[in-house]
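On the provided structure of chain A, position chain B as indicated by the hints.
Chain order of the listed sequences is A and B. Numbering that gives the first Met the number 0 applies: residue 0 is where the first sequence begins, and numbers increase by one. Numbering that gives the first Met the number 0 applies: residue 0 is where the second sequence begins, and numbers increase by one.
Calculated from the structure, these hints are not laboratory results. All the given hints hold, so there is nothing to weed out.
Given that identical chains are not distinguished, each listed pair holds provided it fits within a single copy or across any two copies.
PhoX-like, lysine-lysine: derived pairs with alpha carbons at most 20 Å apart:
id: 1; residue 1: K268; residue 2: K370
id: 2; residue 1: K9; residue 2: K318
id: 3; residue 1: K370; residue 2: K159
id: 4; residue 1: K420; residue 2: K390
id: 5; residue 1: K254; residue 2: K229
id: 6; residue 1: K335; residue 2: K159
id: 7; residue 1: K341; residue 2: K159
id: 8; residue 1: K198; residue 2: K229
id: 9; residue 1: K163; residue 2: K341
id: 10; residue 1: K387; residue 2: K417
In case you want the letters, here they are:
There are 2 protein chains.
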Amino acid sequence: MSKERIYRPKPISGFPEWLPEQRAIELQWIDIIRRSFESFGFCSIETPAVEELNVLTAKGEIEKEIYVMQRLHSENEDNARLGMHYDLTVPFSRYVSQHYGDLVFPFKRYQIQKVWRGERPQVGRYREFYQCDIDVINEDLLPLSYDAEMPRIVYEIFEKLDIKIQFRLNNRKILQGYYEGLGIDDQTSVIRIVDKMDKIGEKGVIDSLQRECGLSGELARQCIAIANIKSSDISFVEQVNTLGVDNDLLRTGLKELSSVLNTLSDLPKSSIIADLSIARGFDYYTGTVYESTLIDYPELGSVCSGGRYENLAGSFIGKNLMGVGISIGLSRVLGKLFADLKLPLGRKCPTDVLIILPDETRIGEANQVAKALRSREINVEVYPSAIKFAKQLRYANRKGIPYVWFLPFAEKQPHEVKNLKTENQYSVDPELWTPQNNT
Amino acid sequence: MSKERIYRPKPISGFPEWLPEQRAIELQWIDIIRRSFESFGFCSIETPAVEELNVLTAKGEIEKEIYVMQRLHSENEDNARLGMHYDLTVPFSRYVSQHYGDLVFPFKRYQIQKVWRGERPQVGRYREFYQCDIDVINEDLLPLSYDAEMPRIVYEIFEKLDIKIQFRLNNRKILQGYYEGLGIDDQTSVIRIVDKMDKIGEKGVIDSLQRECGLSGELARQCIAIANIKSSDISFVEQVNTLGVDNDLLRTGLKELSSVLNTLSDLPKSSIIADLSIARGFDYYTGTVYESTLIDYPELGSVCSGGRYENLAGSFIGKNLMGVGISIGLSRVLGKLFADLKLPLGRKCPTDVLIILPDETRIGEANQVAKALRSREINVEVYPSAIKFAKQLRYANRKGIPYVWFLPFAEKQPHEVKNLKTENQYSVDPELWTPQNNT
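Only chain A is shown next, with the shape it has when bound in the complex:
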């Protein structure tokens, strides 16, 4: 092989890629997530990797992070501008409006796909990553019990994954109503600034509110008073009432958030709390909003977030559609747990038993045994050549294959199986044997 051709490939920054034993875990998680979504009646959909750019940019804000996709040698007329989706909510909204007549509402879908964001890569931030989303969309009215269903499903998933999660819930109407009640016109700007409390601190927020929104120091302090309210039951309502602001939208928000918390009261108290500092950056949320923390990995930030939105889908076709959804940032959680070596790795291959090939002429016989075992959901490899047994066994050991199978060494002799862990070897019937622990 000529030297010039040799080029050692490097990882592409921000595009994670797992080894087989890591991918086995990712696949196991995806299966658990999918099964949980389906157990609540969500159907699967997939949307293309790309959307028309005007669909992706309809809500502004995120524009600079979008990747576009175009032909390497594109001719001019081919320059239809396609952008790769940066989340699954916007493509889902487009899907609902495009297929409106073919869907049954309330429409509950899940979507487990990769998304792409052109962010500067940094620890724990990817440019390509899996998101696992559920959303419900309905026309005209969407019952609040769906707002409670979202964190319930994700809570159950993390319970199955044996990871402790805490959800923080708020309702945008509380914030908007409260600021409206304070006499502030541009509530959206205030919400955005108060949302930065974690990053710039209380003093930073007060300064920004005065400088950017022209509020008095007193008013700025009132603005952040609400963001300090937290409770694991509905006592947040009383705490808001002591702030002395009266407003219709605020009252509606308090009622909605109380209702959601009540519906979730069967979950452990520490797993669902009301936290009135939560706003979510995206403009499109209009009611309930969710963030979450993994108790053992708070530094990861919110790995499951979402909320209720209006007109996101409807804006495409002039229908009054509203939805609520939540998204699990699968790759971010997995990447962190892999990096911290907190997860036992999966198997290097799914093979349960390796059939040792004693002689090239017996491959047909080996294939027949393999077929019989596979018909009982056992994963089988036939070693592809009749090299020394020790070498074939070494392959099984290196791949972590738990059993090896020996064809009869002479006529009227039995098949035998060896458990490579216990080193037990015993006679077996190809039509009956199953591994003791098929995992």
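Here is chain B on its own, set in the frame of chain A:
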């Protein structure tokens, strides 16, 4: 809602998108394919959507079809050129060389991912589509039994899908050796031209061979003589021998192809045939090559193809790596069957039973029943609001949910379930009931 905002989204040409009842079938197929791959010991991997452009273009040929991905507002220094993968073989080869030290060989992997090609859209051609690939890679030596394993696995998959498939096998060494034996230097060009027989006919091929390769008419006719040889057993060897060309490489190819056909002799005769016209366009194949036809959809062309290659992975790191693989063009098959209405559609949602909500105050009770049922793998929805029973039932009917559940209408009364198909209604215990046909 203002008129200006209304924008009815259209499908993006070449990017298929399925309705939930179609996606249910796609998911079912992917599950079958995945289970079959795993039952032969292949592990799952995924590679990023993008590769560095020099990785994708290392083998030339396909360059014009590549999509590149770049940031919408890319600064200059960010112009690392990333191309989206157009198949899964090249990314897999890069994966093997990059992670060489972490893998156990022979390395068997499967990969089910979307690929992108910037082709002009036409019926049955997509710009984004699923491919389902298996490959085995090893260093220095790769037993021929793997060449037989590839079509065997795919044959079993299509058997499970109840679709009749015929594989056509050849070996590049036969073609190269034969042309070498005829005294032709540029065998690759001849192979490429003869490969166009389907499209330009025998006369077209003879003309091209004379015009482009400068062959005599007699030699050109000898070139295509081999492409007319087909057999469902190893009698192709005799047919080649009658052509009177003697060459070492040719003999090796005939031996290899015979061995592969013999290993597959337990499959129905009509499903595996030797067809010496098969060459495969891609340069990188060096031995066995596969194409296939769906018996009931010959117009689809080859939906499962592949072959044996050398140095595709090794070229990155200077190792002598060789592989053999096959790829199922899942989206093309599904798209055709959907278009021809040849597939019964799947369910609109996975829900097995809908719990009717008689009163908003009973949502906690309904959730408890749902939880009990879900713990037994039953998919359950609780209707989200206490509207009229008739409307709740209508939702179940429209979504094709087979059962509805009635909570006790008074204390000490039983739970009841109604089968919406048979209209039978009967008392049930939430801790015991399971649907009769949970599909």
